[in-house]
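Undergrad: Line by line, the protein sequences give chains A and B. Residues 326 to 445, numbered by this note's numbering, are exactly what the first sequence covers, in order. Residues 202 to 360, numbered by this note's numbering, are exactly what the second sequence covers, in order.
There are no misleading hints in this set.
In the DSS-like style, the derived pairs of lysine-lysine whose C-alpha atoms are separated by at most 27 Å in a straight line are:
#: 1; chain 1: A; residue 1: Lys438; chain 2: A; residue 2: Lys340
#: 2; chain 1: B; residue 1: Lys340; chain 2: A; residue 2: Lys342
#: 3; chain 1: B; residue 1: Lys346; chain 2: A; residue 2: Lys329
Rather than coming from a laboratory, the hints here were simulated on the basis of the structure.
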Amino acid sequence: MNSKRVKNIIEALGKHKDEESIEVLNELGTNCPIDEIREMTSKALIRKNTHRALELMIVNKGKGINDLSARVAMCAINELLALKDKQEAIKILDDTINMHSEKEVQDTARSVKALMSFSS
Amino acid sequence: MQKISPLRSSIEAFNKFRASRLNKADKTQETNKTQTNPFGITFKGTVIQMDVFEKADKVNENTQKAISFKERMQNTGKLLASAWVGTINKFSSLKTNAIAFGNKIKDSTIATAKKIRDFGNTKVEFDIFKYNVSRLQNKPVSELKSMLSNELQGVTNEQ
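Just chain A, same shape as in the assembly (with noise of 0.2 Å):
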């Protein structure tokens, strides 16, 4: 596999200014049965920073903070702890623990919006 390739278009998709390219990284990359490259995603939408792209790494079950896969839910949790602009990120995790009809999504949405805190 040609990570460097991959890497660096996903990286590109997460610089891109148009919104299609949260679409497609959601399409794409979080739905890719490779542990590594939903890394790659889940840190791609987080620093985009956006409401679309917090909510899909934050709300979807087996998706960002709720992956599968340990690795890819922590990489995830550490980016929403290195934004500089948490206030967007806030908002979404208290409308998910508020709002979700998931307990574990909630559970989770709880434990990040903690450390959260902690760290801000």
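Position chain B against the provided structure of chain A, taking the given hints into account.
TA: Only chain B this time, still in chain A's reference frame:
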């Protein structure tokens, strides 16, 4: 019996000695006349005889005068001709060398041009430039999507 006095006997002995020396001197003079090798140069132990050297007395004024002007001119002409032939040979060898050198340069130039042409025909894709993030960023999302899907397809096929 005649009595021989010591003086007389000594005179006789001296006369004999003188006669023998004179004979010897005459012989050496004769041999010197025939030889023109005054320094006694030898070749493999044998003294080189007159036919090897040009006699000095041969080249006298009379003989020099005998060589006519025509002969001298002929000799000069021969010399000039031989010099001319030598020059022609030298020039021809120079010409051959120059042609060989030119051909060599031509062949090497053609080979280099061929190599350059072949290099130009081969499509060398440098990943560093093609997959540069800043370059990719400027591309449309649809193109990036197709690129990513192709790469991921390759990856999943590998696995």
